[in-house]
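Asks: Single-letter residue listing:
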Amino acid sequence: MADRHVNTLDGDVFVVSDESGDIETNPKYPTGLFSFDTRFLSKWILTINGERLHALSNDDLEFYETRFFLAPGEPTHYVDAKISVIRHRLVAGMLTEQLTVLNHDHQGVDLHIRLDAASDFADIFEIKDLKEKQGSISVRTQSGALELRYDRESFSRTTIITPDAPADVDQEGFSFKIHLEADGRWETTINVETLIRGAAGRDLRASLSTHRGESRPQVRQELDTWIEKAPRLVCEDERLETAYWRSLADLAALQRRPLSLTQKLPCAGLPWFMAFFGRDSLFTCLQSLPYIPHTTPPTLRALANVQGSKVDEFRDEEPGKIMHEIRFGETSAFEEQPHSPYYGSADSTPLFLILLDEYRRWSGDDDLVRCLEQEARAAVRWMNDWADPLGSGYIWYETKNSATGLVNQCWKDSWDSISDHGGALAGHPRATCELQGYAYDARLRAARLAREVWDDPEFAAKLETEAASLKERFNRDFWVSEGGYYALALDGDGRQIDSLSSNIGHLLWSGIVDDDKVSDVVEHLLGPRLFSGWGIRTLAVGEGRYNPIGYHVGTVWPFDNSIIAAGLARYGYRQEAARIAESMLDASEFFAGRLPEAFAGYDRSLTKYPVEYPTACSPQAWSSGSILLFLTTLLGLEPHGDHLIVNPVLTPEMGRIELFNISGPWGHQDAFGRGPREQIPTRRPHRRRVFGE
Amino acid sequence: MTSLLVRYLEDLRGDSRRFDTLPGSLTATIRLDIHTTQGVDKWFLLINKGIVQSSKESTHPDLVMCAPQQLFDDFTCGNSRVMPALFRNAMQIEGDLRLLTIFDRILPVRKMRHHGYGRAEEPGNG
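Chains as they are written, first to last, in full-length UniProt numbering: chain A, 1 to 693; chain B, 1 to 126.
Because the hints were derived from the structure by calculation, they are not lab data. Mixed in with the good hints, there may be bad ones.
Straight-line distance between alpha carbons at most 20 Å, and here's what the computed EDC-like set of lysine to aspartate or glutamate pairs gives [unchecked claim]: (1) A:Lys82 <-> A:Glu181; (2) A:Lys229 <-> A:Asp670; (3) A:Lys43 <-> A:Asp120; (4) A:Lys400 <-> A:Asp388; (5) A:Lys128 <-> A:Asp18; (6) B:Lys49 <-> A:Glu373; (7) A:Lys43 <-> A:Glu19; (8) A:Lys133 <-> A:Glu153; (9) A:Lys128 <-> A:Glu24; (10) A:Lys229 <-> A:Glu241; (11) B:Lys111 <-> A:Glu313; (12) A:Lys131 <-> A:Glu336; (13) A:Lys310 <-> B:Asp20; (14) A:Lys310 <-> B:Asp104; (15) A:Lys310 <-> A:Asp388; (16) B:Lys111 <-> A:Asp388; (17) B:Lys111 <-> A:Glu398; (18) A:Lys131 <-> A:Glu153; (19) B:Lys49 <-> B:Asp96; (20) B:Lys111 <-> A:Glu318; (21) B:Lys111 <-> A:Asp385; (22) A:Lys608 <-> A:Glu589; (23) B:Lys49 <-> B:Asp62; (24) A:Lys310 <-> A:Glu398; (25) A:Lys462 <-> A:Glu452; (26) B:Lys49 <-> A:Asp367; (27) B:Lys56 <-> B:Glu94.
Bear in mind the structure is a predicted one, so any value in this text is a computation, not a measurement.
My request is simple: use the sequences and hints to build the entire structure.
Replies: Below, the structure written as structure tokens:
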């Protein structure tokens, strides 16, 4: 099992350390203090009299606060320690660490407390493959503080470390030489600030009217408000209750204050994806609309603000296209990576339209729809013009940036994700099936907005005609008749990429599946090749590239499963949807309620527990959002004008579920559901293993 | 040599222009501080519901952008983008960052020439 890491975060700033709170570089995992995609601390090691400290325990108090209880020496003899240390870590705009050293002996003691600090100022993209930096690092000690600085041309990042107790400061850290009386204690607080140099040497963020930092009370208050505003869940199912509150707290933790807005936006996941992503934020908002609808308007506005306006092949930007990802580190600044922002996703644009309409259904907010009309129309134009270079009526993708662009621009964006039954990779351009589903749904939703808000029935009719034509064409071109499912993709020659994949579940969610094909699709989704017992695999067993621990070619993704379950419910397969939710809730127990980005696709009968994917992000926004969407699906929540329809279908294990105070155009409404009583099985005869315990 | 951006701003000065790529409800002012060997040449871009006009008359800006003339010209002809320039501190700004992308949309270039920092194509291509 991988080393356990402890995360402390507050959106813009996050720390990943070992269990004692120490930081050492690790090419496999981004440990350190990070802000705006730069590592500001790569070494942070506490010793007492030359000995490393061992973790007795650590308390994950809140996402922004961790307390480590430590003792000098190795675990084999720590019980004899006469000294212990409490390392209280807080992240709120900066890193603050309060050290408390306790002497439990009946006599005084002299101690040399040492804190080694350094930074490699690595960009998040450089972590896995650290190369010699093009700029230079300098270290300066001044007035008891240690300043670490990186300069490359006008690009400059600085770490300033300041303890409040007297210390000997040298180029590599701080030494505190103290005497502790019997049963005495010593404390110091160390602040670590991260500086992104802007105009006149000031921090860039200080120059922006749209950005402001936060204090600890503000972070606390925001979290309290966040939880208070969300609907209150009361249920008999401990799995669901734990996962619900865990997901809400994690989604709060993953909110980041961007440079361009006063409101926060969702980041995709810790630690690799602590950035604003088009696809991830759109899906997360779609999953969480009944619970935290206030995250959607800033997300849509922020995406609209950076909507593509010109052709930029380096960034895969085209007019009207919604961005994929924005990063602020050195490789973006010097355009060694195209993420400033990068537009390499073919699904963000239709998903933007889908969320805009779905938000209106859950909020009744016509103003935002009016405000974003121009951007929405530009998004439609992108689907019709730029996304379809072959003139086939489909969305295609092929990066124009062969050096650093993404080969796959769908949600399965790893290089090997799009292959046929024999395992051969598809030729370019590629049109994956779920993209066509999103495009179909997006057109119908844009048509509704045109008719009901923009007062443009002509445009609405045009969109509806295009959607109908797309559906007909799609059901002909993508259907693998001998297999009874939809091809994963078409290649540029119109050839079917005929592997069986989870993507077909997204088609249900989009509504593009012809009625006479639904039962075949459902049978495949719940069949043994795709359904592992824990969830639906990304790629079916028996496909050429199937690998149960392959990132997009066999693992199980909670996000994927939540969309598929919603799709099953859309076509009336409620029991099947509940079965997927049930298996995911079972899986969540092994992760203390926090569903990771992905886990392995081994059959449940083989492993008895969901095998962790080694480098999965956790928390991951759309995994946290999955629990919320499962709950919506289980309760059958559906806006209908000024009414909220509640039509629950639960499993026997779920018992009674009560969700209070769901807000929308209907005001506030409660929803109740109960699983069939007569079938309640005996559950969990023994306590399950929880990873990390 | 006359600045490309200044020539473009001169065009906009006498001729209010509609930009379909701008949010229809946006009203804002961007001040451009163009640093030249002779000093700072200040221009104002007045944005009013999709209509843009340039001016030399001082008014309260929502965003101030300060950069050397060469960098502004690189933006104008498609050799550089504003966001990475900001990230590497080649340009300084004050105010509402959202207007940076609005400035980008007002520029005349429709297809970028460059392929990353320091890898710009020769003028005339693209």
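Asks: Between Lys133 (chain A) and Glu153 (chain A), does the CA-CA distance stay at or below 20 Å?
Replies: Given pair Lys133 (chain A), Glu153 (chain A) holds - Cα atoms ~12 Å apart, limit 20 Å.
Asks: Is it true that the CA of Lys49 (chain B) sits at most 20 Å from the CA of Glu373 (chain A)?
Replies: holds, 13 Å
Asks: Is the straight-line distance between the alpha-carbon of Lys229 (chain A) and that of Glu241 (chain A) 20 Å or less?
Replies: holds, 17 Å
Asks: Keeping to a limit of 20 Å between CA atoms, is the pair of Lys131 (chain A) and Glu153 (chain A) held or broken?
Replies: holds, 18 Å
Asks: Taking only the CA atoms, is the gap from Lys229 (chain A) to Asp670 (chain A) under or equal to 20 Å?
Replies: holds, 14 Å
Asks: Straight-line Cα separation of Lys310 (chain A) and Asp20 (chain B) no greater than 20 Å?
Replies: Holds: Lys310 (chain A) and Asp20 (chain B) sit about 13 Å apart, inside 20 Å.
Asks: Hey, Lys49 (chain B) versus Asp62 (chain B), does the alpha-carbon distance stay inside 20 Å?
Replies: Roughly 15 Å separates the two Cα atoms, so the pair holds.
Asks: Given the hint that Lys310 (chain A) pairs with Asp388 (chain A), does the C-alpha gap stay at or below 20 Å?
Replies: holds, 17 Å
Asks: Verify the proposed pairing of Lys56 (chain B) with Glu94 (chain B), using a straight-line Cα cut of 20 Å.
Replies: holds, 19 Å
Asks: Is it true that the CA of Lys49 (chain B) sits at most 20 Å from the CA of Asp367 (chain A)?
Replies: Given pair Lys49 (chain B), Asp367 (chain A) holds - Cα atoms ~16 Å apart, limit 20 Å.
Asks: Tell me if the straight-line CA distance from Lys43 (chain A) to Glu19 (chain A) falls inside 20 Å.
Replies: Judged against 20 Å, a Cα distance of about 14 Å means the pair holds.
Asks: Would the hint linking Lys462 (chain A) and Glu452 (chain A) be met if the CA-CA limit is 20 Å?
Replies: Roughly 15 Å separates the two Cα atoms, so the pair holds.
Checked against the numbered hints given earlier, this structure breaks none of them.
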